[in-house]
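Q: The listed protein sequences correspond, in order, to chains A and B.
Residue numbers are given in my numbering: position 72 of the first sequence equals residue 72, and the series is strictly consecutive.
Residue numbers are given in my numbering: position 222 of the second sequence equals residue 222, and the series is strictly consecutive.
One thing to keep in mind: the hints can contain errors.
[As the list claims (entries may be wrong)] Now the in silico label distances, taken between C-beta atoms and shown as ranges:
no. : chain 1 : residue 1 : chain 2 : residue 2 : range
1   : B       : 273       : A       : 285       : 40 to 48 Å
2   : B       : 42        : A       : 229       : 31 to 39 Å
3   : B       : 44        : A       : 125       : 50 to 58 Å
4   : A       : 9         : B       : 161       : 56 to 64 Å
5   : B       : 274       : A       : 232       : 52 to 60 Å
6   : A       : 269       : B       : 140       : 55 to 63 Å
7   : B       : 42        : A       : 88        : 53 to 61 Å
8   : A       : 285       : B       : 42        : 24 to 32 Å
9   : B       : 42        : A       : 139       : 36 to 44 Å
10  : A       : 127       : B       : 161       : 37 to 45 Å
11  : B       : 42        : A       : 108       : 39 to 47 Å
12  : B       : 44        : A       : 108       : 37 to 45 Å
13  : B       : 160       : A       : 229       : 58 to 66 Å
[What the hints assert, rightly or not] In silico lysine-lysine, DSS-like type, Cα no more than 27 Å apart, as pairs:
no. : chain 1 : residue 1 : chain 2 : residue 2
14  : B       : 189       : A       : 274
15  : A       : 229       : A       : 346
16  : A       : 23        : A       : 74
17  : B       : 69        : B       : 95
18  : A       : 125       : A       : 66
19  : B       : 6         : A       : 69
20  : A       : 93        : A       : 10
21  : A       : 221       : A       : 155
22  : A       : 260       : B       : 189
23  : B       : 264       : A       : 139
24  : A       : 74        : A       : 32
25  : A       : 267       : B       : 19
26  : B       : 264       : B       : 19
27  : A       : 32        : B       : 113
28  : B       : 48        : B       : 6
29  : B       : 48        : B       : 69
30  : A       : 265       : B       : 189
31  : A       : 66        : B       : 113
32  : B       : 95        : B       : 156
33  : B       : 69        : A       : 32
34  : A       : 139       : A       : 267
35  : A       : 39        : A       : 274
36  : A       : 139       : A       : 125
37  : A       : 221       : A       : 74
38  : B       : 48        : A       : 217
39  : A       : 39        : B       : 95
40  : A       : 74        : A       : 265
Derived by calculation from the structure, the hints in this document are not laboratory data.
Even glycine gets a Cβ: it sits at the ideal position worked out from N, Cα and C.
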Amino acid sequence: MNVFLVETDKTGLQKFYEEIIGKFETYAPVEKFGKYDYKRISKLDECDPDSPIETTMSIKPLFFPKTAKVMKFKEDNTGTTISETDEDSLTGKRIILGVKHCDARGLQVLDQVYNWDYIDTDYQKRRGNTVIISTRCDKAGTQCFCTSLDYDVEKSDAHDIRIVNGLDGKIYIQAVTQKGEGFVKENISQQSAVGSQQSLEEIKKHYKSFEASFRLKMDYKEVNEKLQKLFDSPEFETVSSNCIGCNTCAFICPTCHCFKITDEKIKDTGVRYKSYDSCNNGYFTLMAGGHNPRPVKYRRWRQRALHKFVYYKERFGMNLCVGCGHCAISCPVNISIFDVVNQVAKV
Amino acid sequence: MDYSKKIQEIASKLFADNKINYFVGYKQNSFDDSQVPFLITDPAEIPKLVFTDRSVFNLANYLKPDHTKRKRVGLVVKGCDSRALNLMLTESQVKRENIYIIGICCEGVLNEKGEKAQNCVECVMPDPVVYDEMIGSPTGKREYTINADIRELATKALEERADYFESIFENCIRCNACRHSCPLCYCAKCCIDQETSTLYHGANTSSGAMHALMTWSLHLAGRCVDCRNCEKACPSHLPLHLLHKQNESVIYENFQQHLAGMEKDDRGAFYKYSLSDPDDFIL
Ligand code: SF4
Ligand code: SF4
Ligand code: SF4
Ligand code: SF4
Ligand code: SF4
Ligand code: SF4
């Protein structure tokens with residue numbers, strides 16, 4: 001990990017934000033009805049880069065939008081004509097402020113599947129055009145468990161730039177990727193002292209106290225190994241008994257990447273859309289002939305739990321759950337994947 | 001209001017007498033003082049059952065076959081929840097002999113901030129309207145009032161109202177938690193599901209959300225019992241009651257002060273016909 005460090009304070013950080021918001025297409029957490037979401041902003045006071053951890057959606061929709069036009073079509077007596085949609089060109093440079101560790105890691109996880117057998121070019125373009133700047137995340141939320149999984153929050157290079165609280169009101173702007181370093185050098189006018197040994201110590205300390213603030217901790221290796229053999233566990237039925245089978249947990253999850261294809265058609269013309277889907281939804285595996293291999297909800301929850309903690313890891317070497325806890329917060333009945341996998345693995 | 005012990009006793013008896021296969025009640029969350037619905041098939045779990053002013057859900061929702069497989073179920077309901085039961089019974093969604101209803105004379109539940117929930121402040125019927133066993137002392141029906149937020153909405157110009165609703169729908173993620181948490185949305189295939197739609201709202205856009213949610217609220221017009229299970233489920237905290245309460249107030253004023261599920265055999269406003277109904281209005 002290459003590190004480029006700038007020391008500043010609250011006012012300096014504010015100035016940095018203001019400057020870059022003026023220059024680039026910026027997204028940041030914006031409050032509505034008491035919940036936060038990443039929205040396009042044009043002024044700093046519209047958003048809160050240090051918003052509470054519990055945003056409704058992750059930053060996923062900025063890369064994999066909740067709905068996207070795939071194509072347009074028109075039918076007449078000569079057949080069907082297909083044409084390109086008028087979606088944006090995806091060439092503008094974007095920045096996202098206030099990004100949590102888990103959300104940023106989520107993108108690294110999504111990179112695997114979107115670079116796999118089929119390269120999703122829209123996703124790649126959005127990835128390439130975006131600089132990801134962190135929030136000052138220094139205390140875990142009630143449902144967070146990002147430090148318990150298969151990645152190291154402290155050494156992570158999932159953000160391009162991290163904003164870290166130091167001692168005595170000091171704030172560090174730390175570039176952790178080459179892209180981030182270029183961005184900081186280009187856009188920071190108050191070039192102050194670059195990373196001393198002492199500042200690095202302070203940052204280390206910051207992560208120590210961050211790690212200590214977690215309510216939820218698990219032994220990832222053990223859970224992963226046990227779950228590999230627990231496909232037939234009766235516990236899946238218990239843990240999913242009050243699940244109402246909505247789409248919430250998958251839609252808000254930073255790493256769920258399933259989508260469905262639907263058409264909106266009026267008379268002979270229409271648009272084909274690609275929108276989020278969820279394996280906890282009864283339609284997910286419903287086949288055209290009417291057969292449904294996952295007709296009951298515990299089988300759906302088993303798919304969710306094992307895809308997150310076993311299958312994806314087997315295929316791509318990364319856990320599909322990044323421990324953000326969004327699902328437990330947003331789930332109408334607070335089912336937490338942390339509890340689910342631990343309860344199943346406990347037996 | 002803490003009826004936990006009482007409910008545990010009744011549940012034990014129901015299991016001991018082999019009257020039920022499932023009991024649906026509440027369990028304490030481990031991380032704060034909120035609760036979640038709790039489905040039991042094993043009497044050993046009974047000591048975990050609780051009921052207090054944090055028991056906010058409408059458990060009638062778990063009578064859908066997905067959850068309790070049309071088996072015999074004991075469940076706890078508050079006034080509003082029991083009104084939904086009345087409708088589920090007339091609409092043949094559940095057999096009366098298959099359910100054992102513990103009705104609570106409700107003192108109101110709390111919202112996330114710890115204040116009395118808005119629907120409880122406005123509640124017209126806190127006592128259970130259908131039950132096998134009642135807990136608490138009934139306080140009777142209250143007067144129906146049309147609330148400030150609905151009255152205010154009605155005074156807004158049409159355009160302004162449309163803009164306001166649009167700003168709500170913008171934040172809808174089409175997760176369908178609202179529909180799946182409503183006990184009266186029991187259709188296995190729903191016309192607002194994206195999977196079943198080809199004409200409109202197939203996409204996750206705000207116009208799709210508007211179309212879907214308006215259709216949804218019209219299917220609940222004259223049936224919605226204001227339990228706000230849907231609103232509590234919404235991950236975006238959208239004020240969904242505005243849709244339902246607006247319908248409710250229009251129906252109350254135009255259709256002989258109808259309020260859904262208050263009496264046995266109530267069919268919901270749109271399934272009743274009376275010669276004295278005004279014919280100048282179709283919702
Ligand atoms: S499964 Fe839940 S905790 Fe894990 S990444 Fe998804 S939303 Fe976050
Ligand atoms: S958990 Fe379900 S919705 Fe999420 S990526 Fe896996 S299969 Fe798709
Ligand atoms: S959000 Fe909760 S209730 Fe909805 S499908 Fe996921 S676990 Fe089930
Ligand atoms: S609306 Fe009435 S019955 Fe329902 S929870 Fe509130 S006070 Fe109780
Ligand atoms: S629409 Fe909402 S408030 Fe009305 S009955 Fe259904 S869940 Fe309750
Ligand atoms: S629960 Fe809320 S976000 Fe989800 S579909 Fe309903 S209104 Fe939209």
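Q: If a hint holds in the structure, say so; if it doesn't, say that too.
A: Checked hints:
| no. | hint | verdict |
| --- | --- | --- |
| 1 | 273(B) with 285(A): 40 to 48 Å | holds (43 Å) |
| 2 | 42(B) with 229(A): 31 to 39 Å | violated (24 Å) |
| 3 | 44(B) with 125(A): 50 to 58 Å | holds (56 Å) |
| 4 | 9(A) with 161(B): 56 to 64 Å | violated (46 Å) |
| 5 | 274(B) with 232(A): 52 to 60 Å | holds (57 Å) |
| 6 | 269(A) with 140(B): 55 to 63 Å | holds (58 Å) |
| 7 | 42(B) with 88(A): 53 to 61 Å | holds (55 Å) |
| 8 | 285(A) with 42(B): 24 to 32 Å | holds (29 Å) |
| 9 | 42(B) with 139(A): 36 to 44 Å | holds (38 Å) |
| 10 | 127(A) with 161(B): 37 to 45 Å | holds (40 Å) |
| 11 | 42(B) with 108(A): 39 to 47 Å | holds (42 Å) |
| 12 | 44(B) with 108(A): 37 to 45 Å | holds (43 Å) |
| 13 | 160(B) with 229(A): 58 to 66 Å | holds (60 Å) |
| 14 | 189(B) with 274(A) | holds (20 Å) |
| 15 | 229(A) with 346(A) | holds (12 Å) |
| 16 | 23(A) with 74(A) | violated (40 Å) |
| 17 | 69(B) with 95(B) | holds (12 Å) |
| 18 | 125(A) with 66(A) | holds (17 Å) |
| 19 | 6(B) with 69(A) | violated (55 Å) |
| 20 | 93(A) with 10(A) | holds (26 Å) |
| 21 | 221(A) with 155(A) | holds (19 Å) |
| 22 | 260(A) with 189(B) | holds (16 Å) |
| 23 | 264(B) with 139(A) | violated (52 Å) |
| 24 | 74(A) with 32(A) | violated (39 Å) |
| 25 | 267(A) with 19(B) | violated (55 Å) |
| 26 | 264(B) with 19(B) | holds (23 Å) |
| 27 | 32(A) with 113(B) | holds (17 Å) |
| 28 | 48(B) with 6(B) | holds (13 Å) |
| 29 | 48(B) with 69(B) | holds (23 Å) |
| 30 | 265(A) with 189(B) | holds (20 Å) |
| 31 | 66(A) with 113(B) | violated (30 Å) |
| 32 | 95(B) with 156(B) | violated (44 Å) |
| 33 | 69(B) with 32(A) | violated (39 Å) |
| 34 | 139(A) with 267(A) | violated (54 Å) |
| 35 | 39(A) with 274(A) | holds (21 Å) |
| 36 | 139(A) with 125(A) | violated (33 Å) |
| 37 | 221(A) with 74(A) | violated (53 Å) |
| 38 | 48(B) with 217(A) | holds (24 Å) |
| 39 | 39(A) with 95(B) | violated (48 Å) |
| 40 | 74(A) with 265(A) | holds (9 Å) |
Comparing the model with each numbered hint stated earlier shows that hints 2, 4, 16, 19, 23, 24, 25, 31, 32, 33, 34, 36, 37, 39 do not hold.
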